[in-house]
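**Student:** Residue-level listing of the chains:
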Amino acid sequence: MQKQLRTQNEDLQRKVAAIMQSIGAASVPQQLEPYRRWLQDLVRGLDLQIERNLINLTRLGVDILPEVLDQTSIVTREVFLLTDRYLGPLLRAQTTDSLSLKLLAWMHSEHAKTCDLPVAFADGSFGSWPVESLPTLYVIPPGDQERLLHLPLCFHEFGHLLYACHRSEMDDLVKDLQEVIARRLEPVSRRDDKQAQREQQKRKQIAERWYDWTQEFFCDAVGLTMCGPAFAHSFSFYFRAIGQDAYQRSFAEQMHSSHPVTWLRVRLLADRARTMGWKDLADEIENDWQNIAAMLGVDEDYFGCYDDAFLPDLQKTIDDMLTESDPRHASAAEISFNGAINNSVTAPAILNFAWRMLESESSTYAQWEKRAVREWMT
Amino acid sequence: MNSDWMAIQSFHRSQELLTAINELSIHLKLEAAGIADAQQTERAEAGKKRLVDFLIRLQPLLETAEQNDREPVTGADARLRQLAQRLAEFRRVSTRGGSPLLRKSFGKMIELLESEKPEDRASLLLGLRDLRRLLDEHLETDTRALVGGF
Chain A
1 MQKQLRTQNE
11 DLQRKVAAIM
21 QSIGAASVPQ
31 QLEPYRRWLQ
41 DLVRGLDLQI
51 ERNLINLTRL
61 GVDILPEVLD
71 QTSIVTREVF
81 LLTDRYLGPL
91 LRAQTTDSLS
101 LKLLAWMHSE
111 HAKTCDLPVA
121 FADGSFGSWP
131 VESLPTLYVI
141 PPGDQERLLH
151 LPLCFHEFGH
161 LLYACHRSEM
171 DDLVKDLQEV
181 IARRLEPVSR
191 RDDKQAQREQ
201 QKRKQIAERW
211 YDWTQEFFCD
221 AVGLTMCGPA
231 FAHSFSFYFR
241 AIGQDAYQRS
251 FAEQMHSSHP
261 VTWLRVRLLA
271 DRARTMGWKD
281 LADEIENDWQ
291 NIAAMLGVDE
301 DYFGCYDDAF
311 LPDLQKTIDD
321 MLTESDPRHA
331 SAAEISFNGA
341 INNSVTAPAI
351 LNFAWRMLES
361 ESSTYAQWEK
371 RAVREWMT
Chain B
1001 MNSDWMAIQS
1011 FHRSQELLTA
1021 INELSIHLKL
1031 EAAGIADAQQ
1041 TERAEAGKKR
1051 LVDFLIRLQP
1061 LLETAEQNDR
1071 EPVTGADARL
1081 RQLAQRLAEF
1091 RRVSTRGGSP
1101 LLRKSFGKMI
1111 ELLESEKPED
1121 RASLLLGLRD
1131 LRRLLDEHLE
1141 TDTRALVGGF
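From first to last, the protein sequence lines stand for chains A and B.
Taking my numbering, I'd label the letters of the first sequence as residues 1 to 378.
Taking my numbering, I'd label the letters of the second sequence as residues 1001 to 1150.
Source of the hints: derived by calculation from the structure; they are not laboratory data.
Warning: the hint list may mix true and false statements.
To be verified - With a Cα cut of at most 25 Å, we get these calculated DSS-like pairs of lysine-lysine:
| # | chain 1 | residue 1 | chain 2 | residue 2 |
| --- | --- | --- | --- | --- |
| 1 | B | 1108 | A | 113 |
| 2 | B | 1108 | B | 1029 |
| 3 | B | 1029 | A | 3 |
| 4 | B | 1029 | B | 1104 |
| 5 | A | 204 | A | 194 |
| 6 | B | 1049 | B | 1029 |
Claimed, not checked - Away from chain A, derived, C-beta distances all over 12 Å, residues of chain B:
| # | residue |
| --- | --- |
| 7 | 1049 |
| 8 | 1062 |
| 9 | 1077 |
| 10 | 1089 |
| 11 | 1093 |
| 12 | 1094 |
| 13 | 1103 |
| 14 | 1108 |
| 15 | 1110 |
| 16 | 1128 |
What the hints assert, rightly or not - A few chain A residues that face chain B, going by a derived Cβ cut-off under 10 Å, partial list only:
| # | residue |
| --- | --- |
| 17 | 61 |
| 18 | 115 |
| 19 | 116 |
| 20 | 117 |
| 21 | 139 |
This one's a predicted model, so the numbers in the text were calculated from it and none came from an experiment.
Built from N, CA and C at the ideal position, the CB exists for glycine as well.
Chain B with its partners taken away, still in its complex shape (with noise of 0.2 Å):
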């Protein structure tokens, strides 16, 4: 019996989280241009509940990973803990300039998630710009491990 089965719900996992993010961040793009555009502030915000649902999720794993590479990483499949796990090192070794992902505490990537403040915007957007490159490499192992590598 093959293990497709947990690459393909990782790969559409991060496909939808990806998507979330892009619809959020144009949207903040345009409204910081004044640009009004419906449609794509109904997407924005559908997008901006499965983000903040699942940093919700990761937020334990992370915690896990971060304070003790001893304990296991509980309840949590292989690609999740891994993605966890590649969180952790990335704010890690982070540079200080790095956005609120990296550099802060994780909870307050939820607050801005949550913030209606056009102040919280910039770094809103920095936060979802790195959420991004950090789910891009994260995608590349399940896309080979699905269609193969190009």
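Okay, chain A solo, but in the shape it has when bound (with noise of 0.2 Å):
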């Protein structure tokens, strides 16, 4: 075992090498230099993890080969995650990346406590890997890295990361609103026969399945404050003609879904948006899923997952956790900018200004975004 466990390591050494050196050999845009940087502290501290491998090897007479053995799986499995997805964005790295580079690092550099934390993204649907101690991982599909319209879906992905940053606070405030919506959703009266024992269960379940469905709520919300109307129409844009879907799923499709029912997530945009003032663009939104929903035939059910009566609390839960978070916010004079674009214009500036300019000439847009990227990037 010992003799297997020294060339597994060795094996590992080797390839951290080849990976250390590749990094150092990469062309890639100024912005993703942190990432670099990241990458190498975080290959010497897997060549360190190796070192220590192999000098426990050698302590005769001391059984720890069980946690040598785990050590080598822990830094194995680090090399799969780092060559399946960190290294990728710094590899193949293109000067067509700086548009979302320059969001997403705009993003970062907005709050205290991501201003430090290196940015990259990879090709995919829209997510990301936020964990509050490495560099976020944002997921952006080709098609829209290089378009204006669509980057606003990454201040959701933010949102993950201002979570994260504040856990245990929001955990908290997350809990009590699951313990809110337990027990409206109690019965008046209690049985104890199999069919409310069932119906006991799907309580428990819906419940548990809110911690997911709040950090998803607020990080709408945190698309809002950050970016202003422009998120919401994105949002209302890119999701409403996927199909039946975003409209309705039956309960044991939302209890399997970390996400709520699109329908319902348009629903509190439009109510948070009435709330911000922009009781139009709220308009706009529902008005638009309304009429599509009934083109398909599909009618507003959560088959018990949510009532009208959670609203207030849920909405009091998501300022609290926009209080607790400290998300920028979108300016009145971001959201309706329609001056010279130039380097120094904010995101929301630009990005609220894409979404009026295809509202209103959505036959000339695309030459005007062309033209407004490059002057944002010179």
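Both chains come to you apart, so use the hints to assemble them.
**Tutor:** Shown next, in the form of structure tokens:
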């Protein structure tokens, strides 16, 4: 066993040396330099752990082989993760990454807890890997990386990072909400037969599912707060034509999904937009979804997973979470910005400008966007 | 929007906890053999703190999972709830010969971690061994979700 572990660790050592060489040799945009430095530190850390494993294998007379085996597995999994996910954004970096990187770096720079966390992004459907002690790896669809219209969805992903950075306080707030929801789901009278037990299990499942759902609603609220109306336009536009699944899901499907039904998210976004003074925006997105649902023949039904009676407590919890995490607010000037675009224009300003341009002059939008991006990047 | 965020957070949590278990376990075994290693002791202390913090966080979730499977486990993500439920199941089916993690009150495991008594070392090592097994199994789901099956 000792010999096997030694061979295994020596091979890992060669592998991390090769990775280190690739990281150093990669030609990357300036915005990825902090990410490159983090990767180099990570690989150095792995190399040190392998060294310790090799030293521990020389300690005779102490039975620490199970621990060394497990430490070897830990390093192996880290190397898998590194090569599978974290290296790609650096080794395959292109000059066309600059627009998305500029937006992501700006988002991080605007919050005290995230300003020192490097960013990178990979190809895929919108998502992120938000860990408070690591660089954030965002995932952006290739078709949206060089365009302005759906980059606002990155602000939702930034919400997950804010949650991770304030986890303890956020978990307490969500716990309180889950308990309120569990109480609201309780029937007026209790029986003790099989049917009642099944209903009890369903109520338990719903209350537990609300942990993940509350985080998603919070992230939508972060998007709206930081990016303004452009976030609501982008969210609604991106999801409204995906199909019936966005409008209605069975109870079982909802219980298997970490995301609430998208129509409900639109309802909450509209509700929040109204409280922020954007009534027309709220009416517009609600009507869009209502019209498509009618065409699909879908009624609004959450099969007991949501009730309008939850709304005041839910929005109060989201308000408290926003207070706790303190995301930057888009200003009125950014939301109505229509001036000359240059390098120092903020991300919410150019994104809100883009959505207004699309709505007012969609036939010339593509040309406008190309010019706007060029001017923002110079 | 994908939900990898949950898998990556759970993955890192488990990797950190396993590292903490191993560092502490190696330290205890070296100490028992009379081998001094100041850097190992330092890493073990950091690991011990990490484990105590985590077990304190896990304790109420485990209690809910053990006391009453009708009440929701709240304030924790799906993966942490699953870990608490798995530990509750391990403890329910464990034989009398199991470690303190499995057969005694959960608080005992925290007491052992905080104990400086040499006579507690063997019990703590058994508890750490079982916690490592539990986390290794738990981690498989996240690893599969992130980098696929092998």
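**Student:** Look at each hint and say if it fits the structure.
**Tutor:** Going down the list of hints, with the structure as the test:
Among the hinted pairs, residue 1108/B with residue 113/A is inconsistent with the structure: their alpha-carbon atoms are about 36 Å apart, more than 25 Å. Straight-line distance between C-alpha atoms of residue 1108/B and residue 1029/B comes to about 20 Å, which keeps the hinted pair within the 25 Å bound. Distance restraint check for residue 1029/B and residue 3/A: the Cα-Cα separation of roughly 21 Å lies within the 25 Å cut-off, and the hinted pair is therefore satisfied. Restraint check for residue 1029/B and residue 1104/B: the C-alpha separation of about 23 Å stays at or below 25 Å, so the hint holds.
Distance hint between residue 204/A and residue 194/A is fulfilled; the C-alpha atoms sit about 15 Å from each other, no more than 25 Å. A hinted pair counts as satisfied when its Cα atoms are at most 25 Å apart, and residue 1049/B with residue 1029/B qualifies at roughly 18 Å. At the 12 Å boundary, the C-beta of residue 1049/B stays outside the reach of chain A, the nearest C-beta of that chain being 15 Å off. The claim that residue 1062/B is not at the interface with chain A holds, since no C-beta of that chain comes within 12 Å of its own (minimum 15 Å).
In this structure residue 1077/B is not separated from chain A by more than 12 Å, as the shortest Cβ-Cβ distance comes to only about 6 Å. Residue 1089/B, annotated as away from the interface, keeps every beta carbon of chain A farther than 12 Å; the closest lies near 16 Å. Every Cβ of chain A is farther than 12 Å from the Cβ of residue 1093/B; the closest lies at roughly 21 Å, confirming the non-interface assignment. The beta carbon of residue 1094/B is kept farther than 12 Å from every beta carbon of chain A, the shortest such distance being approximately 19 Å.
For residue 1103/B, the non-interface assignment is confirmed: its Cβ lies about 21 Å from the closest Cβ of chain A, beyond the 12 Å cut-off. With 12 Å as the threshold on Cβ separation, the claim that residue 1108/B sits away from chain A holds: the shortest Cβ distance comes to roughly 22 Å. Residue placement check: residue 1110/B keeps its beta carbon more than 12 Å from all beta carbons of chain A (closest about 18 Å). Some Cβ of chain A comes within 12 Å of the Cβ of residue 1128/B; the nearest lies about 9 Å off, and the non-interface call is violated.
Checking residue 61/A against chain B by beta carbon gives a least distance of about 6 Å; that is within 10 Å, so the hint holds. A distance limit of 10 Å between C-beta atoms decides the matter here; for residue 115/A the minimum to chain B is near 20 Å, and the interface restraint is violated. Hint on residue 116/A is violated. Least Cβ distance to chain B is approximately 18 Å, over the 10 Å limit. Interface restraint check: residue 117/A against chain B, minimum CB-CB distance 14 Å, threshold 10 Å, status violated.
Taken as an interface hint, residue 139/A checks out: its beta carbon lies about 7 Å from the nearest beta carbon of chain B, inside 10 Å.
Comparing the model with each earlier hint shows violations of hints 1, 9, 16, 18, 19 and 20; every other hint is respected.
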